[in-house]
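S.K.: Spelled out from the first residue to the last, the chains are:
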Amino acid sequence: MDYASILQLLDSTIRLSTPLLLACLAGLWSERAGIFDIGLEGKMLAAAMASATVASLTAAAPGWSLFGIELTWAKSLLSPVIWGLIAGILASVIFALIHGVASITFRGNQLISGFALNFIAAGLTVLVAQRVFGQGGRTPQLAGDARFPPLTLPLSDEIREIPGIGPLWYEVISGHAILVYVAFAIVPLTWWLMYRTRYGLRLRAVGENPAAVDTAGISVIRLRYSALIITGILCGIAGAYMSTALQAGFGRDMTAGRGYIALAALIFAKWRPVAALWSCLLFGFFQALALRPDIVTAVVQFRVPGPILDSLPYILTVLVLAGFIGKATPPRAGGEPYTKER
Amino acid sequence: MTTDVTGRKAGGPGGINPPASFAHAAAPTPAAPTPAAPVPAAIELRGISKSFGPVRANEDISFFVPKGTIHGIIGENGAGKSTLMSILYGFYRADQGEIVIHGRPAALPDSQAAIRAGIGMVFQHFKLVQNFTVLENIILGAEDGPRLARSLARARKTLADLSREYELEVDPDALVEDLSVGHQQRVEILKALYRDADILILDEPTGVLTPAEADHLFRILRGLRDQGKTILLITHKLREIMEVTDNVSVMRRGRLIDTVATAKTSPAALAELMVGRKVLLNVGKSPATPGETVLSVENLSLSDEQKVERLRSVSLTLRRGEILGIAGVAGNGQSELLSILGGMTRPGEKVSGHVTMGGQPLPITGKAANGKARREAGIAHVPEDRHHHGLILDFTAWENVALGYDDDPRYGRGMLLDNGALREDAARKMQTWDVRPPIHTLAAKNFSGGNQQKIVLAREIEQDPTVLLIGQPTRGVDIGAIEFIHKQIVALRDQGKAILLVSVELDEIMSLSDRIAVMFDGRIMDILDPAQTDEAAIGSLMAGIHPAEGRPAGETPPATSGEA
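Respectively, the protein sequence lines represent chains F and A.
Residue numbers for the first sequence, in the numbering used here: 24 to 365.
Residue numbers for the second sequence, in the numbering used here: 82 to 645.
The shape of chain A in the complex, shown without the other chains (with noise of 0.2 angstroms):
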């Protein structure tokens, strides 16, 4: 029943065509193996193209959007699907490009323009009003009159209609804030339906669901399709995309890399799609010579705050002398297992488990476990969002270079900061790290992001630690730093220091790591020897399946003409 109407020759697995051959083949000619009658086009996007400053949020992106097909749109964090799904939601307006909504060009300036051409919205945190009831917030924005009382009798009868046609019970009565995040998105749902949409979008819509809500979910967006509704699906979970799509478009890094149909691709090459490779510079590295252990994780689990499991049953260890990589997709408990060791966990998250460090206990609740705590015990953190978490952006590099590490008495005089002896310190480290330009009185922000994170490894790798976790060292960074990084990283290796390595960068990983830890779901997949695989291997892990359930090792490989 799947047909591959994106208007182009889709060679399934393997027929990965490059990004260029995009901007014309999404003419909606239907190719080959197509019905006899051509499908319309809900949605058309012609050449769209989005900067924020001298970001390219997206680059010349174009796709297609049979009606009555559940679309998906898949995607690392970052990757511009949010960016797009906003141009088609009035919320941005695209620099370039043009939208075509059944067959007639729209121009959707505003969220009221993109409603009246039919379009809604279900936003990855719900814009309902908390304290209303689920009638108020149906009819919010969407009243017949000035006076509420015929505006809600008239919902009430649509909202029972609706209700019974598409499995999308919810007591209208009921207060939002008393329903269930489930029930919630239901009411998102029924929004958008109220007001007639007939193309509705869904940013990331089970990262708040549990199993059995989003198989409910599933159910629902199915039934809408089947009665003519066409469905855009936004996520970077490879197992909705296979559940539920009819068709699937990659993205990376603010370009579309194909569009292809569901049935005729697999979870393991749409997880090398989206992670992508890029010419990957040698990192020149002698074997491993892995000492004693001095980090392991016993059964480490984390539920956060709306009881969603994130971590389970992690175990793994960290010697010394090596990089232990962590491959995959974001998302999958690799962030969450780096807040537990850097100490940061939030508050309502409910940790589970043992670590320990050279033997001791290392409290992971609880008012000991806190980044001043790591460091005292020997473990420095390089966040993966140097953004929020490594550095104030507004602060001097100095001061960033001394946070955390502040209250060091080579930096003190009883009670007083020795300025000084900070900013000597830090103008030393920003040498050292060929930090550019090396002018230590700058702000931070006015750094660009590879020179950000140099001054973030700087403050943590010349603390000394014993355990270095390193979150995307890479995100954001120019090629040159890259190397500098890579090479800094393998050289603290060889002085034998234990580092964890957090990166969705896949070559990153296959080329620094001495062994790789695949996660998927919150679990370690397995342990690999980066010698003895290859990344198709990592991308299947990557995706949740066992290459023994899964396809053999050896055989061709998914998705590789992408080196092509």
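Here chain F stands alone, though its shape is the one from the complex (with noise of 0.2 angstroms):
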């Protein structure tokens, strides 16, 4: 195996791991508040919807029109991958809201919530692109300003020839769309605001002890409202990903899983911020191994057929699930409706 090879399986781990560690972000922030949300898979599945079908409306109308308002000023602000985004977003947080009122307002079981959530998003992400686009529940091939470009970061070019450090550079870290970046820098933002702010102390004894947060006379209902909204937003982006930039549209059950594989990750890194990214890498890095069945190949020295590296991350994510990683202790009062008591 030759060190292009290498390059390249690297790659597809950093592009196959970012909708997996947006994902898993999203699954922290609940989590560590006290709300189990098995709905990531869901989220992410009417964001990438939601992403493709705006993105590609915007890049085909010659303008915009409200009610006979002309709006044509305000789609050219923003690109239409960018109009995709928000509309990724705004569907994504909109389940999660669904989800707060069910299990936070109504005390509802969250596990249950979440699930008829997924349920929901994988018939009305195909209904609606089947109304609208009417191509079989998938949405047109997006290209051009309705995907996000690969960005190529300084230096590409210059050292691109120094042996190691150039091609890896070149290869690897450079050359992803931008929310590539934005998921890797949203791990040292996640744990500065868990670990160093006022908020995230808050946010973590709610979901450990909420009774000690409302004695302490702060509300336990707002604090769990603004956490799932982060999942909201950070799920809509992990969404927004998979059809405007890792792919190029909405397909039926595009997702594949990678919402239930996230939290299979979020339970590997018990938790954790940092030890998400580095448990998502490795997510990451089996569903890369399934697109190189020749690299393996070239490595055990006979050929593992196809399906079986494709279930791979399921098998990593049934083993993690089984507890072969050691006592991983979630939240205490994950998956507890709070009731005030006496």
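Hint data in this document are derived by calculation from the structure and do not stem from the laboratory.
Zero decoy hints are in this set.
The following label-pair restraints were derived from C-beta to C-beta distances:
#1 A:D252 x F:T320: 55 to 63 angstroms
#2 A:K388 x F:R355: 20 to 28 angstroms
#3 F:K350 x A:E564: 55 to 63 angstroms
#4 A:E179 x F:R130: 32 to 40 angstroms
Please read these numbers as outputs of a predicted model, since none were measured by experiment.
Backbone N, C-alpha and C fix where the C-beta goes; we use that ideal spot for every residue, glycine too.
Given two chains presented individually in distinct reference frames, assemble the corresponding complex, making use of the accompanying hints.
M.R.: Structural data, given as structure tokens:
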């Protein structure tokens, strides 16, 4: 196996880890606040559909108007893909708020609410895409400014010829959509907010012992809703990345269980942001391996059937969830609706 | 040094005023033996009432806590102490009445308002975040700004000062989950002090502490008082009241019965006030004719998860055809005794000792000690807490009547339940026991307390057990049902059953029992013949005083004017 193949593998790892990482951080915010969110998958899917749809329509439309009011000036403020991103985030936040109403306000079962949202997303996305585009539940192929272009980082061309570091910088680090860099930047940001700010302290407290927060005179409900909104935003970015950067359009069930893999990565990371980065990279690496069976064959010296490679991330998920990673203590109040008691 | 500053004449032991005189008795005019300057009130409650639906948790509560004193509030479980404190901490709003803090009427709509008014609360179940450090717990909700670094630095300094001042040493960087219970409690106190509380409320603070930790806590509380803090101590333990408080208010069934200076009262007087007495229906009962011993308990001990000893070497025997009553203030080991005998010990509890039933050893630990095995051995159990252990409130009456006996061949056809037979059986039992309304398809929660209790009694007694364990048979039961239940218990005894009766109602124990065992602090203080004793003697034992050491029998019993 040569250096170029390794670089290609790492490049794929980064691209494939990004949606996992965003979803994993999304899950981290909500679970650290004591709300289990199994609906990451559904939120990503809804966001992927909304982003691709809005990006496609905006790119195709000559202008905007609403109820006869000319809005083309607004459309031209941002590129279609950014309008798509905004739509994706909105769709995902709406799903997050529905989860909030069910599980915070009405103290419903968080797993059931999350599952229900996943099912709704699976059906609704295809329905809307079919209604809008009539292409069998898919959006048209996105191109041009309806997609996130790859960014070429500074120095890429200058140091490209330096052996070792040059190709690594050029192939692996540079050349991704901006959302990839956003996702990686959110890791230290999340860490800082969680561990260095008053908001983070209260948020972590509400996931561990909401009664402590309540008796300190802080609203448990508001804190939890705020966490869910952050979850919605991050899932929205993840979904938009899926359909407008990683791929060029929305297709039925395109998230393919990434929301669940992200939950496994979250448990693997024991609900810590920096560890979440590493565990998502690991899961992303396994997904990348499935794309390059030739590399696997070269390393293990026999041909591994494709389906086995495809299923590796899911096998790892099951292993993680079965507790092969040692003791992982979830936030103590996770899954429990908070009821004020005497 | 302790003076009667409650603003009313407390006649000491024996001078207990009826509650009616209370509404206006709490005016802050010091009574005769006070020092020259009137002591200002830190807290004054005027006519506080609070109901939850039909339940009146607090009724017209008025009292007055002078600044810089430790004020005890004592009463049985369910007397309304915790509700009252929750009102003071802004968790509940009083339906009526006024709260005055440092001379100013205070509205306390939420905890934040209570904190601003200088009230700090140490809950019975700590409100700490287990995997946070001490420092993080202390600043939670009282941070100085959006970034933590500054808050933490200030808290570290303040904490060092507070620790030195009040003997509240605790490592600021330790995780709370690594601390002992006593230290966790200090963190709670520090939390309140960090928020500049000058009124500190402690709810059952020693329930989870070892005696040494409790002593240390009392030293801390005295230190706080000497620095001018006002402390409200809620407890049902007499020893604590006597040891650490300056004044004490006694609550019973939602009412404040009396407020007295601690120095002028005695544990026995307080015990009687707490337990109280109600006009007792005379249970017509013939002398017992006890038969052979069926249940014998030897050196039974139990320590709970926190390694607190709840039962200390309890020994007793129970004979056919007698009612053995267990008297005591709640929380002195009666519940644990019942749960061991009923096969209901919890994981984490350590039990030792021997129990035999009809000569056969009865397992008290492990898998063989469960309710089903007990029923098969001939022990029926009417649990103290019928809502949690006696009934499934959402199930119908007939389902509840069948619970625990559902695998009886009479009620089944092979693997299936014969619901028809169960319903018929339930309907018959409900008629025998005069359960009203006699509708067996009604959910248990729709019956009144007394009728719920009759459902439980019907289920347990109709199975014809040899031994009947009954906990609090008439708690929350209306007066008519009490009489009926008492008669049934006596009738059962006359049929030759052995009955172990646990009740915190002293009258109930006195009128039903053929022998009375008095429990205090996990021990049986004495076993008495009700004909040869009186309530004062039992009251002393309930407070942990042997009459021989304390007041000789025959002297004026304390605090008996309540009968008037």
